[in-house]
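**Q** The chain contents come next:
Protein chains: 2
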Amino acid sequence: MNNAMPREIRLNAFTSQTPVHLSPGLWRHPRDQSRNFKSLRYWTELAQILEEGLFDGVFLADGIGINDVHGGSPDSALRHGAQVPKHDPLLLVSAMAHVTQQLGFGITATLSFEPPSLLARRFTTLDHLTKGRVGWNIVTGYYDSGAKALGRATVTAHDERYEVAEEYMDLVYALWEQSWEEGAVLGDRASGIYAQPEKVHTIHHHGKYFDLDSIHFTPPSPQRTPLLYQAGASRRGRAFAAKHAEAVFVAGPSKRVIAPIVADVRAQAEQFGRNGRDMLFFTLMTVIVGETEAAARAKHEEYQRYVSPEGVLTLFSGWTGTDFSRYPLDAPIVPAEVDSAVASMIESFTVADPGRVWTLRELIAHNGIGGRGPVIVGSPEQVADELLGWIADTDVDGFNLSYAITPESYRDFVEFVVPELQKRGAYKTAYVRGTLREKFTGGGRLLPPSHPAARFRS
Amino acid sequence: MNNAMPREIRLNAFTSQTPVHLSPGLWRHPRDQSRNFKSLRYWTELAQILEEGLFDGVFLADGIGINDVHGGSPDSALRHGAQVPKHDPLLLVSAMAHVTQQLGFGITATLSFEPPSLLARRFTTLDHLTKGRVGWNIVTGYYDSGAKALGRATVTAHDERYEVAEEYMDLVYALWEQSWEEGAVLGDRASGIYAQPEKVHTIHHHGKYFDLDSIHFTPPSPQRTPLLYQAGASRRGRAFAAKHAEAVFVAGPSKRVIAPIVADVRAQAEQFGRNGRDMLFFTLMTVIVGETEAAARAKHEEYQRYVSPEGVLTLFSGWTGTDFSRYPLDAPIVPAEVDSAVASMIESFTVADPGRVWTLRELIAHNGIGGRGPVIVGSPEQVADELLGWIADTDVDGFNLSYAITPESYRDFVEFVVPELQKRGAYKTAYVRGTLREKFTGGGRLLPPSHPAARFRS
Chain F
1 MNNAMPREIR
11 LNAFTSQTPV
21 HLSPGLWRHP
31 RDQSRNFKSL
41 RYWTELAQIL
51 EEGLFDGVFL
61 ADGIGINDVH
71 GGSPDSALRH
81 GAQVPKHDPL
91 LLVSAMAHVT
101 QQLGFGITAT
111 LSFEPPSLLA
121 RRFTTLDHLT
131 KGRVGWNIVT
141 GYYDSGAKAL
151 GRATVTAHDE
161 RYEVAEEYMD
171 LVYALWEQSW
181 EEGAVLGDRA
191 SGIYAQPEKV
201 HTIHHHGKYF
211 DLDSIHFTPP
221 SPQRTPLLYQ
231 AGASRRGRAF
241 AAKHAEAVFV
251 AGPSKRVIAP
261 IVADVRAQAE
271 QFGRNGRDML
281 FFTLMTVIVG
291 ETEAAARAKH
301 EEYQRYVSPE
311 GVLTLFSGWT
321 GTDFSRYPLD
331 APIVPAEVDS
341 AVASMIESFT
351 VADPGRVWTL
361 RELIAHNGIG
371 GRGPVIVGSP
381 EQVADELLGW
391 IADTDVDGFN
401 LSYAITPESY
411 RDFVEFVVPE
421 LQKRGAYKTA
431 YVRGTLREKF
441 TGGGRLLPPS
451 HPAARFRS
Chain W
1001 MNNAMPREIR
1011 LNAFTSQTPV
1021 HLSPGLWRHP
1031 RDQSRNFKSL
1041 RYWTELAQIL
1051 EEGLFDGVFL
1061 ADGIGINDVH
1071 GGSPDSALRH
1081 GAQVPKHDPL
1091 LLVSAMAHVT
1101 QQLGFGITAT
1111 LSFEPPSLLA
1121 RRFTTLDHLT
1131 KGRVGWNIVT
1141 GYYDSGAKAL
1151 GRATVTAHDE
1161 RYEVAEEYMD
1171 LVYALWEQSW
1181 EEGAVLGDRA
1191 SGIYAQPEKV
1201 HTIHHHGKYF
1211 DLDSIHFTPP
1221 SPQRTPLLYQ
1231 AGASRRGRAF
1241 AAKHAEAVFV
1251 AGPSKRVIAP
1261 IVADVRAQAE
1271 QFGRNGRDML
1281 FFTLMTVIVG
1291 ETEAAARAKH
1301 EEYQRYVSPE
1311 GVLTLFSGWT
1321 GTDFSRYPLD
1331 APIVPAEVDS
1341 AVASMIESFT
1351 VADPGRVWTL
1361 RELIAHNGIG
1371 GRGPVIVGSP
1381 EQVADELLGW
1391 IADTDVDGFN
1401 LSYAITPESY
1411 RDFVEFVVPE
1421 LQKRGAYKTA
1431 YVRGTLREKF
1441 TGGGRLLPPS
1451 HPAARFRS
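Residue numbers (this note's numbering), protein chains in the order written: chain F, 1 to 458; chain W, 1001 to 1458.
Keep in mind the hints are simulated off the structure, nothing from the lab.
Take the hints with a grain of salt, since some may be wrong.
Claimed, not checked - List time: in silico EDC-like cross-link candidates among lysine to aspartate or glutamate, alpha-carbon distance up to 16 Å:
id	chain 1	residue 1	chain 2	residue 2
1	F	Lys208	F	Glu181
2	W	Lys1199	F	Asp75
3	F	Lys199	W	Asp1075
4	W	Lys1428	W	Asp1075
5	F	Lys255	F	Glu386
6	F	Lys208	F	Glu166
Said to hold, decoys possible - Cβ-Cβ distance ranges computed for the label pairs, FRET-style:
id	chain 1	residue 1	chain 2	residue 2	range
7	W	Ser1234	F	Glu270	57 to 65 Å
8	F	Ile193	W	Ala1430	41 to 49 Å
9	F	Asn275	W	Gln1033	27 to 35 Å
10	F	Asp159	W	Asp1264	32 to 40 Å
Unchecked claim - Where chain F lies over chain W, by a calculated footprint (3+ residues, C-beta under 8 Å):
id	region
11	1028 to 1039
12	1079 to 1090
13	1117 to 1128
14	1181 to 1193
Yeah, the Cβ is synthetic: ideal placement off N, Cα and C, and Gly gets one too.
All chains should be modelled from the sequences, with the hints used to inform the complete structure.
**A** Dropping the structure here:
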């Protein structure tokens, strides 16, 4: 990427209805409002901050289940509020949409646990209410504890989850794209015809995992199919993203980790008849910014004092499936002597400094804020340099911005970084009108003909 | 009821996210805004009108499926927009809650199609966001077309649906009342303890219909269990209401139909160790009011001109399971010669005038507005007399008010009837503070010890 004019940076706020998302312990900071995640006002105010900063969207994480790996029980996650409790993000959207005009919503919903006809109805309902501002972050669910809440012993095995997901997508595409033809709803007062029955089709699906004989219960919304997000980084997850996703969420500690993932998914898209450049990539990032570098560093140090080591290890344990309560905090970690999942996590954390030997305590200090993504600390100019460097070097389109403390991290970004990016011509100065898909692609409000959903159209 | 002071009338607006709820054809009226059911602004404005009128709540109907009895296909329902399309009511609530402070929300959700752990999470999420203003209208779902959208051939048989519902209630009660002890969430900045794990309990349920081993994913909301509404009028439905419901929604054309149902459910409550007087009954009602009787009658006649006969028969067909497209419009209906479901509907419609022989066309003219409930037409004084007469003669506590056209029917009620009821001391002049349960019962925010949910408390 060597354009004279930098490409436009895309921004989502990455958050969740939970007391601790990716920065364990920071809920104790006096200015942090994480604990207000149950309050409507917290979310409407956040939405307004983001829209003031022309953010493309808010990306709402979710997961059904509780992290019970650390110490072999949910105790540590509960004690630290580490992604538990977690509330349903779909239910926040209409209020946030009411107080904004242009902000998009990336909403995580777990397909393994939701009947396709009801999930399709939910997203169509919201796409109508928001006038086309919703995206669905497609996840398959990985917590066994979630499966047990649904009466199953364990989650379906990883690769089979993606087989289920493929069939699920066919079903929701049929409901969204095929069931109601364009123009089926007349709402014509003179003739008294609300909808034309001959333009509404019953979908008949009898597959390996699902059966359905039904019309879609809701007529087409502005986007029909919500904008499709996906976040799987595994081999199977990447292929799924290459086929289905319009926006891909990636997370890693360094450009060296992220760049090949982006290149790989973009390249794979071609195999599905899609253009890899039609996908937007968002990488996980946390920014701590002040008026000067010194002010930002001081803020970072202040935040660091609130990091909870056990809370961080609880998240690590959940991500790797390895119980980190069994490892001493101060012993060096020798990759060959630990679980491969742990070795791989440590390798990904340490890729910038490959020779280094780490203790758990050092890993916590390095990754206690913002989870598996990097933390940029600096002046507005330094942050803008860093972000533009990431885009140039990894070919991502933008960032899912996590927070150290909320909403301060977002307020700071809007106050300090947004104007700097605008000065460089790398960030919009006004929203493009239209649906989230129109904003993201510059194309129409519907999925393009190259997308696999298009074959369901009559 | 011969108190000198009339008891306080309770009011809900009864509506649904659909172009035609109970008054088919009236979406064609130039002032009607039903067609805006997909728009957020329609709903936030309605919420504000209702709160201005001190309504206790908005009662949001729903049903998974489509009425395909009339003519044996969904065509007629689609053509007339007769309760199809229908959008998910849960997703409206946060926006309506954002623009109001006190209005309650009765939200219909079908337990047959929702995993208990996810439904429980949804209601807890909303009860937090609304600060305790949500109620759940428990329905089991009766459309075979809904079952087919979920991959089942038909709905479970009626009485077994209630067996399923009993087990379902045990499960959600355990999640809401037992999983998190009071005080489990500390959120204590000094100790760094967010929640106390020893006060959070895994629910183990292995029943005939459901299995679950999980904590509730969300900590207790203001009401824990949402206020429980129920609307079943069958023998089994009434027993379920007598056991579980805090508010019961009934519908019938006359006091003679409603009074014995109210008496029966209140009496049955005693068998479950509850006080029948602790339940609030809302009966379906449509009010057409003007400054004078003449103005109201003129309005009624104007509305009547928009009634769609085929739309009305489509609803009749769905309610009775009988295809009314097979009956001539102008032949007298002889109860002995029609299906028992039809005979029983006609009997219930004509109970005020038992000797009368009806044609379908006459039934449509009589019941084209407001569905199976009566329509009161008159001056503010006349309407108030009628409403108070209903309360005195049937022992209901208030009304689920349907609309002829929306939001005009609600605006008219707020402008003309509310002041008249207040003048008579039969309607509040300010909201009682607190949760929906506190407002309705005058008691605490939690279910009382006499309720079956209470035995799940540790």
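**Q** Enumerate the violated hints, using their earlier numbering and listing them in ascending order.
**A** 1, 4, 9, 10
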